[in-house]
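**Q** Letter by letter, the chains look like this.
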Amino acid sequence: MSAVFRYLPLVLLAAGWELAARSGAVSQLAMPPLSQVVLAWVEMVRSGELIANGASSLWRAGAGLALAILVGAALGIAMAWWRPVNAALGPLVEMFYPMPKSALIPVTVLWLGFGDGSKILLIFLGCMLPVTIGAFNGARGSDQALVWSARSMGASRLRMLWDVVVPSALPEMLNGIRTALALAFILLVSAELIVARDGLGYLIGYLGANGTYDAMFAVVLTVAFLGFAADRAYQALMQRLLLWRE
Amino acid sequence: MQDRNVGSGGAQIVVEGVSHLYSPPTGRPVLALEDVSIEVGPREFLALLGPSGCGKSTLLYLIGGFLPIETGRILLEGQPIAGPGPDRGIVFQHFALFPWKTVRANVLYGLEKMGLPREQRQRRAQSFIDLVGLTGFEDSYPSQLSGGMKQRTAIARTLAIDPKILLMDEPFGALDAQTRHLMQSELLAIWRKSPKTVIFVTHDVQEAVYLADRVAVMTARPGRIKTIVDIALDKSDANIAKSRAYIDTVDEIWGLVRDEAIKAQEARVSP
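Listed in order, the protein sequences are those of chains A and B.
Heads up: the first sequence begins at 1 in this note's numbering, then just goes up one per residue.
Heads up: the second sequence begins at 247 in this note's numbering, then just goes up one per residue.
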């Protein structure tokens, strides 16, 4: 029951959309009725167009994000634990962090071309720093007594890093990854809109240019839903990983 | 009153002329310890007593091998200390449990590092969980436990690896009075069953007299050993805290600590 109420605004929005388009209050060219968009969506799923482009988009986002998490976490923890690493990389991270990563779209294309490589590199570069900073702050906050406890029970320095510093960094790192997840979708769609031969972003641009607006809206809604679903799934995962906190 | 302090051959731990300069991230370096010398015999229960900030924890961390020894030397069974090791187990005031591990996993941690076979590890962990009275809480996370239960877990975790020396850094300082009393008598009972060398840092005179064989009274910063008092009390007496001898000893030591506590207070008001 409460779930129904919770999503009531969404239902009202959908009904309002349909009504506005059907009544002619809004031009159907600017906004096709929702029912028509849904039909276009079903058609695109049936033809395989949406699945194929979706799969290639998800592969790019997934690979870029996975790289960003692996490298970003390792970098953040290394910076927190070894002063020379921090001295060498700290200023770079600070300078690069606020830069709008979409500016790198032409650069990555120049380097790696129109295919998957340039998107994966862009997402990797754009998503890495929030993970790095989360891991860095989390690792910095590791309790000295925990570090000493592990060492006194026979853990080597490196082992202690894995046993104590990494889990200590986890909560902040997971928050950084959540930011990275949202960024991954933004960068993916922008890059595909600008230079790509497939993918959901490409599809939106292509359908828009062709004037097939119902299909274009269908893809926009698909992207919105994917972003929402990914964030929800991620939150559930985070909750499981942090079960040990009260 | 000051006998075993020097030259008693059979010492397990020898601290010789140790000074320690503490450099905080901001501000001037502080001399935390100045020319500290003390010997600790095998299976002795020594309390390091002093006002807060007197460097008694620093001395403990130096013996633990957590801090570098800058001046003087510390020998453990004749060998200079080089880093932390499982021969010296430590228990901290704020428990230092791995919050992402359950009670059982915390106790298992050191046993895994020892390389014990799986089944033996499990059995040993369980026996120490039982020893500290946490049977039934094996799968709880530290965040689900009370302060006393957390410290029991930490003690079980440390005892499980069977260190020769137990370093305790105000282990009951964060507990409420009732729990503290309970834990003190349980620690004594455990220690009597399997005596280990214990170095116990505290600022609580009664706790020091109740638990220790000897009490080393430290001065306010910079920390020096002011005097060492032998405690000649029958620790198997359940009503020891009510005995004349206990009350007199507490009075005597309190007299020694009082001046230092006042000095420490003044130092804080006007640095």
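Derived by calculation from the structure, the hints in this document are not laboratory data.
Cβ coordinates follow ideal geometry from the N, Cα and C atoms, glycine included.
Just to be clear, a hint being listed does not mean it is correct.
What the hints assert, rightly or not - Which stretches of chain B does chain A cover? Using the computed rule of at least three CB atoms under 8 Å from a CB of chain A, they are:
1) 294–302
2) 354–361
Said to hold, decoys possible - Pulled from the structure, derived: some chain B residues nowhere near chain A, Cβ distances all over 12 Å:
3) S269
4) L313
5) V337
6) T348
7) D376
8) Q390
9) T404
10) P409
11) L413
12) D415
13) P468
**Q** Each of the hints needs a verdict: does it hold here or not?
**A** Tested hints:
no., hint, in the structure
1, 294–302, "violated (count 0)"
2, 354–361, "holds (count 4)"
3, S269, "holds (15 Å)"
4, L313, "violated (10 Å)"
5, V337, "violated (9 Å)"
6, T348, "violated (8 Å)"
7, D376, "holds (20 Å)"
8, Q390, "violated (7 Å)"
9, T404, "violated (8 Å)"
10, P409, "violated (8 Å)"
11, L413, "violated (8 Å)"
12, D415, "violated (8 Å)"
13, P468, "holds (22 Å)"
When the structure is compared with the earlier hints, violations turn up for hints 1, 4, 5, 6, 8, 9, 10, 11 and 12 and for no others.
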